[in-house]
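S.K.: Chain residues, written in single-letter form:
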Amino acid sequence: MKKLAEWQLALPLALAFASIFLAPLLMLIGVSFFNDDKITQPGFGQWAKFLGDPFSYKVIFDTMMLGVKTVCATILIGYPLALIYLDASPRVQKVLIFIIVMPLLLSVVVRTFAWIVVLGREGVVNTLLMQLGIISEPLRLLQTELGLVISLTQIEMPLMLLPLISVMSRLDPNLRDASAALGASRWRTLFTVIVPLSMPGLVAGCLLVFASSTTAFISQTVIGGVRLIYLPLLIWQQSLVVFNWPFAAVVSITLLISVLTVVSALSWLGRRSGGYVHG
Amino acid sequence: MGRRRSFGDLSYGLVIGTLATLALLIIVAPVVIVLTTSFTEGRSIKFPPTGFSLQWYEALFDPSKSRQIHRAASNSLEVAAWSTAFGMLLGSMAALGIARNRHRLARIADGFFLSPLVLPGLTFGLAALMYFTLIGFRPSLNLIIAGHMIVTIPFILRTTTASLSQLDPALNDCSQSLGASWLYTLRRVTLPLIAPGIFAGAFLAFMASIDNVPVSLFLSTARTDMLPIRMWGMMESTLDPRIAAVSGVLITSAFLLMLIMEWTVGLTRRMRE
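So the sequences go chain by chain: A and B. Residues 807 to 1085 (the numbering used here) make up the first sequence, in order. Residues 624 to 896 (the numbering used here) make up the second sequence, in order.
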């Protein structure tokens, strides 16, 4: 009997992926080229309808901007936390990494619910501000983009921090000492030494946060409400409320293409910056 | 010169420290607040909670009042257990097959198997719904298991591949040159060494399945309700205070599970790799 080649061990998974991953995605593309919701008349009608409507572009733009804003917010407060992690003693590092990873294992629905309690009319923020006498009327924080970005910042934070920390821990600590010894201030060391060297981790984090926040259906619908419309809500409405599958297929392919475009642009940037650093 | 630099360092410490503290606060505070509010005595969810009681936990564990939640929870557990089990089997086989293979095709397959990580889950969820419906399957837990396996298997592949790449290839050669068969080497040398990697990945896959929304949203029905979808329903209409109790249970179990995984397979170390 011929010895089994090692690569053949991957065949069962390849089969599973072909039949329940690739085939559905191909079918999705096929369904998008039907004009009617009974899926009987082939044509470009749904694509024409979606791409001919200015509202579609607004939704695409809003969805991408939500991703960009969340990425910026996670960098703004996540990067400093990664720096603190880098300087901490091994014992503190252990506690920090536990705190950082913990939310990742917590259901997204629980994390979203937590923000309702924090941002709601009778929520923590409003109660606190009213008791301090800063405001007299409760602020409207739920169902605003600001509230959604704040919530997503916490929900997606681990995805930014894990790659950042893993890249930063591999940096040679001598580099920072050398920079300081040569007279650079800590700010200068940060921007000319640490940031460029941690670029691969930063890019990986941006990529994950962007992909996750633009498709965060539960957070978007519960905290954003129905007035803020993003692509995931549109997909859900069209497929499970209106039952127009071809149109839903068009919207989800649009979501796929927009997210993958940004993600590949980012990873191209990441590879380039990686080359720059080592070159 | 010296003064200016110390001012710069001071502002550095101040700015970085403040932002990092804000980050920690934003990560931890909501979780603590939810845990606290779940013990409220009141009829609604408020912070700070009024008084202390276990009423919402009692309501949650009452079999007649919360039957739907129980059913959704047991569906979620069942789906997570099966999809993780299949994922462990197919995933570790595939990792053994191609992780150390430098061939172009093997690299492509590797990327393909990891692609559910970046692909919007909703797109796959909708695609799976259309596919299963149009080829004539009725909605069932089995379909959800299949869908969850696809989106959670990258976690298993990643950690298994990482531990395989740290394995000294000489071990394999030694075992084989000493006359051990390929299968014996696998069973006695390779598998025991990569087992922590497989289990760490399986744990992440299990948690991702319990938490999965995009696939369950499209494939579950009233009969095959899943926990996150039910919880979404509890938040969408009037805010049902039992959701605070569900959250409390989930937070506590995630915390305990994570401690256990940290002690047994060094989970956080593997996630940083």
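You may find that some hints are simply not true.
Claimed, not checked - Just some of the chain B residues that point at chain A, by a computed CB distance under 7 Å:
1. F630
2. D632
3. L713
4. A717
5. S870
6. A877
What the hints assert, rightly or not - Computed cross-link-like contacts, EDC-like style, restricted to lysine to aspartate or glutamate with a CA-CA straight-line distance of at most 16 Å:
7. K688(B) <-> E885(B)
8. K669(B) <-> E951(A)
9. K875(A) <-> E928(A)
10. K900(A) <-> E885(B)
In case anyone wonders, no lab produced these hints; they're calculated from the structure. In this text, a Cβ means the ideal position worked out from N, Cα and C, and glycines have one as well.
S.K.: Run every hint past the structure and note whether it holds.
M.R.: Against the structure, the hints come out as follows:
Nearest Cβ of chain A to the Cβ of F630(B): about 9 Å, over the 7 Å cut. The hint is violated. With a least beta-carbon distance of about 5 Å to chain A, the hint placing D632(B) at the interface is held under the 7 Å criterion. Restraint check, L713(B) versus chain A: the minimum CB separation of about 4 Å is within 7 Å; hint holds. At a threshold of 7 Å, the smallest CB-CB gap from A717(B) to chain A is about 4 Å, leaving the interface hint in force.
About 4 Å separates the beta-carbon of S870(B) from the nearest beta-carbon of chain A, less than 7 Å, and the hint is met. The interface hint given for A877(B) holds, since its Cβ lies 5 Å from the closest Cβ of chain A, which is under the 7 Å cut-off. Simply put, K688(B) and E885(B) have alpha-carbon atoms about 36 Å apart, too far for the 16 Å limit, and the pair is violated. Distance restraint check for K669(B) and E951(A): the Cα-Cα separation of roughly 23 Å exceeds the 16 Å cut-off, and the hinted pair is therefore not satisfied.
Distance hint between K875(A) and E928(A) is unfulfilled; the C-alpha atoms sit about 26 Å from each other, more than 16 Å. Distance hint between K900(A) and E885(B) is fulfilled; the C-alpha atoms sit about 10 Å from each other, no more than 16 Å.
Violated hints, listed in ascending order, are 1, 7, 8 and 9; each of the other numbered hints is respected by the structure.
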